[in-house]
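Chains as they are written, first to last, in this note's numbering: chain A, 1 to 113; chain S, 1 to 113.
Honestly, the hints are just simulated from the structure, not real lab data.
Since this is a predicted model, take the numbers as computed values, not measurements.
One should not assume that every hint holds.
Given that identical chains are not distinguished, each listed pair holds provided it fits within a single copy or across any two copies.
Stated by the list, open to error - In silico PhoX-like pairs for lysine-lysine, Cα to Cα no more than 20 Å straight-line:
(1) K109 <-> K40
(2) K44 <-> K85
(3) K18 <-> K56
(4) K109 <-> K18
(5) K44 <-> K9
(6) K109 <-> K56
(7) K9 <-> K93
(8) K93 <-> K109
(9) K40 <-> K85
(10) K40 <-> K56
(11) K9 <-> K56
(12) K9 <-> K76
(13) K40 <-> K93
(14) K76 <-> K109
(15) K34 <-> K76
(16) K76 <-> K40
(17) K36 <-> K109
2 protein chains.
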Amino acid sequence: MGSSNGMLKGSLQTIMLKLLQENGRMYGYEITQKVKEITKGDIKLTEGAIYPSLHKMEAEGLLITHTEMVENRVRKYYLLTEEGKVEVRNKLKEAESFIGNLQLLLNMKPAVS
Amino acid sequence: MGSSNGMLKGSLQTIMLKLLQENGRMYGYEITQKVKEITKGDIKLTEGAIYPSLHKMEAEGLLITHTEMVENRVRKYYLLTEEGKVEVRNKLKEAESFIGNLQLLLNMKPAVS
DNA sequence: CTACATACATAAGAAAATTATATATACTCA
DNA sequence: TGAGTATATATAATTTTCTTATGTATGTAG
Chain A
1 MGSSNGMLKG SLQTIMLKLL QENGRMYGYE ITQKVKEITK GDIKLTEGAI YPSLHKMEAE
61 GLLITHTEMV ENRVRKYYLL TEEGKVEVRN KLKEAESFIG NLQLLLNMKP AVS
Chain S
1 MGSSNGMLKG SLQTIMLKLL QENGRMYGYE ITQKVKEITK GDIKLTEGAI YPSLHKMEAE
61 GLLITHTEMV ENRVRKYYLL TEEGKVEVRN KLKEAESFIG NLQLLLNMKP AVS
């Protein structure tokens, strides 16, 4: 079934911010599809997780939005603000450090000599 | 200051189970010190996080305990049950997969050709 | 007319953490 | 003697963040 998330807890924001950094602008549904594609179906983001998270980041000033009608459907695009661009870099550093530490703790990486 | 946790969310159990797998038996405070040591102070587990988590894993049958008095202080040692040993392996596979996916999403790993 | 894909939103509840507090012993430092 | 730190465990209150479920709406495939 692939979709054994459970460890996703603290990294949703980081993932979405990084995708926005790379793609310039994205809408919610597009993000879920992109993540599914990149992880080959392993990680499936749910609407109940992404939309509140996007709203929160918008409220915090990390994202701005603009809405478009495409094929008679509403699309709400999200883009990074300047503050958001700074935040991505911080989050990525944090993630890098965290992954390194996790690999050390779980013995997935040789100890540094 | 190093101690920017925040991404620890879903991995506390995995970390503690892995340490127990490696060390045979450990007590709560010892786990916090070991994690601090291995991560050079980056990750500081709090009591409010570890004790409820250990209690839960004991209730689930993953751990058993025995208490000892050392230097006039109580120590509650935790050990893996057979079920717990199986669980560590599952959690480690999950963690490996998750870390791989996260590195892909965050562009911390070259795309597989 | 049913199901699925696209697209957003939100409410209810659960899970897992943070923060704060409490207990208790022992050592150090002023 | 009193304060602070280290060792050691526990729990309550709160917050954050997620899952699950539901609702709206359009378009296509069968």
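Output the numbers, in ascending order, of every earlier hint that fails for this structure. 2, 6, 9, 10, 12, 14 and 16
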